[in-house]
Structures are given as C-alpha cells and as structure tokens.
Amino acid sequence: MSQSIELDGFSRTFDSATGPVQAVAPTDLRVEPGSFVALVGPSGCGKSTILRAIAGLDREYEGNVLVEGRPVNGPSVTRGIAFQEHRLFPWLTVEENIALGLQTTKLERKRRVKDLLDLVGLTRFASSYPRELSGGMAQRTAIARALAPSPEVLLLDEPFGALDAFTRLQLQDALQEIWQRERVTALLVTHDIEEAVTLAQRVVVLRARPGTISDVIDVDLSYPRDRSDPRLDARRRQLLAHFGLVGPGRQAANG
Amino acid sequence: MSVQEQAKSALFAESDHLDPRVRRAARSGARRSFVGRLWRRAPRAFLPYLLPVVILASWQVASRTGFADPVMLPAPTTVLHTLWGSARDGELWDDTRASLFRWVVGFIVGGLSGIVLGAAVGLYRIAELLLDTSVQMFRTVPHLGLIPLLILWMGLGESPKIVLVALACFFPVYINTFAGIRNVDRKLIEVGNVFNYGPAKMLLRVVLPGALPQIFTGIRYGLGVAWLALVISELIGADAGLGYMIQMGQSVSRVDIVMAGLLVFAVVGKLVDALVKVAERRLLRWRDAYVGV
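The listed protein sequences correspond, in order, to chains E and S. Note that the working numbering gives residue 25 to position 25 of the first sequence, counting from 1, and the numbers run on in steps of one. Plus 1000 on top of the position in the second sequence (first one is 1) and you've got the working numbering.
Just so you know, the hints here were simulated from the structure itself, not pulled from any lab data. No incorrect hints appear here.
Only pairs whose alpha carbons sit at most 25 Å apart, straight line, appear in this in silico SDA-like list of lysine to any residue: (1) S:Lys-1187 x E:Pro-75; (2) S:Lys-1201 x E:Ala-126; (3) S:Lys-1270 x S:Arg-1220; (4) E:Lys-110 x S:Gly-1192; (5) S:Lys-1201 x E:Thr-78; (6) E:Lys-110 x S:Lys-1201; (7) S:Lys-1201 x E:Gly-74; (8) E:Lys-110 x S:Pro-1209; (9) S:Lys-1201 x E:Pro-75; (10) S:Lys-1201 x E:Arg-87.
Computed from a predicted structure; not experimentally measured.
Only chain E is shown next, with the shape it has when bound in the complex:
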C-alpha cells in the first residue's frame, strides 16, 4: 500500500536573467515505504523543487528520482499531492472536487467520497462550494482529493502554510490520523520546525543557496503524538539550534 522514494544525485538548475542558478545541489535521499518524512528549511532551499520533481510536475532536473525503484515519468494517481493553496475547482462542490481523480464506477466513487468526507470531517459540507468553506476546510478537502485515488505516496507542499496558527494545529492532528489510517508514504515540505517535529518520523534539514541536506533528525516517537511531550521538545531544540535560533551566542550570531 505504500512505496519508497529515492533521490539519486538529484540536482536542479533554473535559468534566470543573471544566468543559471542552482536551486538544488546534487542530493541523495531515501524515504522508506510507509514512513513520514518532513523536509524543512528556509525559503529557497529547494524543498518544493524536490517535491514537484517527485510529483512528476517538473522533469528538468538532473540525476534520478525513483519511486519504488522506478524512475518518475510524469504525474501519476499513485502519488497524491496537496499544495499550499487549496486549488479546489471553484465550480465544483466539495464532493465533486474530491472525486476529481477517481476513475471508478459511480457506486464505488460515491462510497470512496463518503469515506473521505468522514475522514476529514466534512460530511455536512459535501455539497458546499469552495467559496463557502473556511481556509482549513478547503485545505482538508484538498487533502481528501489527493487521497481519493488511494495513492501510495502523499506529497504535501506546505499544506498548512497559509492557515492561522490554531487551524494549523488542528489540521496537523487530523493529518496524523489520516496518515495512520491510509498507510501511505508521506513527504511533507514545510518551513515550520514545530510542524516537522510533531508530524514526521524523520526530519530532513535543508540549507539554502544551493539547496543541500545539512542534517537528518530522527523522531522515533509513536503516534498519535502529544505536543507537550518533553521528548518532542528535545528534538525541537536540536533543530532550532541547527538554525542558530536557540542557545548562547544567538544574539552575537544574528548580529
């Protein structure tokens, strides 16, 4: 039900007005099937670039992107993706949006959509239009849409980045539950250290210009996780220290 993801010497260079700019320097990464991995880093570290390549939306990279050992050749329904903006079709209702990627019989589609509405807690909004939804609800619909074709891999590109802090925490908890129930390989791109530590089993830290992996931190705690767990705190501190955001000398370092 889930697949591995592998980057093998992956790099990506963009053309700009001032010449080519390397967004991601040659990088290796392996995500185990069924695991939850977060890519964290400042903007410009290439984390979204990596995600788009795995999704099959970008093919202009060098090196290899392998999913379950096979090279990625364009988008596939086995890899669901949710973006920072919900990207729902405004002319379709919540249930129609969720059914977008489903190519099954009508009866089966109905059942799957019903399950997903229940999973994301939007059963009563099945026939609402996106304009009638709050930001959190729209984002939950988008996640349900990504999960509809029962993908092996769920790619999340800062899915909660545009939400208010309170809704974000709610959705993080919901995502833990969804991930456990759907048993997919989850790869989350975020710039939120808290979010990465709370959700992922492994946090991959990226550095910018050019994007490279600078550290990997394992968070071997069981789910569902409790935010007040002191063991999470330790990892959080470790990550913050990595970016020079805690501890003595911080003032001096930031000048």
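Let chain E serve as the given structure and place chain S on it in line with the hints.
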C-alpha cells in the same frame, strides 16, 4: 481524551460555527417576516425603474398638453395604440419573427465561430500566431461599412443581413473567449496535470469552466452588438423586420410607428438579455466575485 479524540472534536468544533445554512442565513441577514422582507427588497426591485417612469410620465403630459408637438413627439399612449393596431393586423408578429430569425441564426453562426476560434487561439500558441493578427486586423474594419459590399455580393435577401449579424457578434465572443482562457489559473491546470487529464478532459473540466464567466460577458455583449447590426441591415432593402417597420414609419412621416418599432426592439432585446442573465446566474452559481455594495 487522546490526541486522536481531541483532533476529531476540534474538527467538528471548527465545522460547527461554519455550517453553510448558518452562513447563508448570516449573509441574507437575520430571518424576517414576509412583509419585512418585502419591504427590505422593495427599493432594490423598483429603484431601477424609477427614472424611466418619471421620464415617460413627463413625456405623456408634455405631448398631451401641447407643450411638445404631438406629431413629432407623440404621447406614449399613442405609440402603444399604434403598436396595438399593428399587433392586431399581425404585421408586428411578422416583423418581429423576421428580425428574431436573423438575430438567432446570425448569432449562432457568429457566436459559435467566436467560441471555437477563440478557444483554439487561447489553447494553442501556434493558432494564436497564425490567426490572431488577422482577426484583429479584420476587426478594425467597421462592419457597417461592409453593407454595400455585402449587398453587391449577396443581393438583398436574408444572407447579407445574417452575415452582418454574425460578423458583429463574432468579435466580442472571440476576444472574451480568448482572454477568458488565458486568464484561467495556471495552478488549476496543474491540478489537471496531477490527475493526468488528457487535452479533451482538460478543456471540458478545467479550461472552459474557468473561462465561462468571461465567455458569458462576450455572449451578452455580442448579442447586444448583433441586435444593433440587425437594425442597420434591415434599414436597407428589407421587406419585413423591425428595422423595415421603422424605415416604413419614416417614409410616411409617422413618428409613432418609428417609436413603436424602437420600443419592440428595446423590449425584445431586454428580454433576451434577461434570459441569458438567468442562464449565467445558474451556470456561474459557484462564483465568489464582488457583486457591488
């Protein structure tokens, strides 16, 4: 309570105050009594017609009291009387039918080609390069100026009139379809890519729905311009039609007949526009656009 349970209850806590019925109720104001609602809506329903009613009333008075020349400016009631007479003779129906026929056929020809060409140019860069410059050059030719040419080529039958109507509505529909497609959010196209949509599915499920609001603008504008082109085409060598009716009125110096013809033009035009507006509102129910204060 486990984290899982908390998450679940938090989910519903957020959903609770956002039930769509609650939102809808909030949007339309608190529930009111029937009379209360009627009173509230009355200004919106009647205000648009206040000015026309005042103008018509003063006109009636001016014409009847001899303040205005009743031959050059016949009273609204006189115009209605003339209209009634024409309706009883059956002439009015023949003229209206003839005009509507030309309008509808011309619009189907011109509007459909506008949508098809606009979509082709909007979807394919190669089509844009091949066609758009030519279309834009042709657009600058005033199509009413083509009337002599059309008459020389096609005579005085139905063809030149329908061609003129088709030409008039082609451009607004073409331009708006083109622009509407180019305004579709690239990020939604990417969603279609994620689900491996082929060209046909992408067109029908993403591009056209996304462009529909602007295509409708083109259609409404096109219908209006076509209606104008129709009058002009019928002023020249027609033997039926509302334009012909006006032309006859002029040649026998009957201002009331001219006005009756203009009135029918206005009413039919407004009715068709209202029909399109209803279709628009139904099809674009999902829209979340500014509707004015």
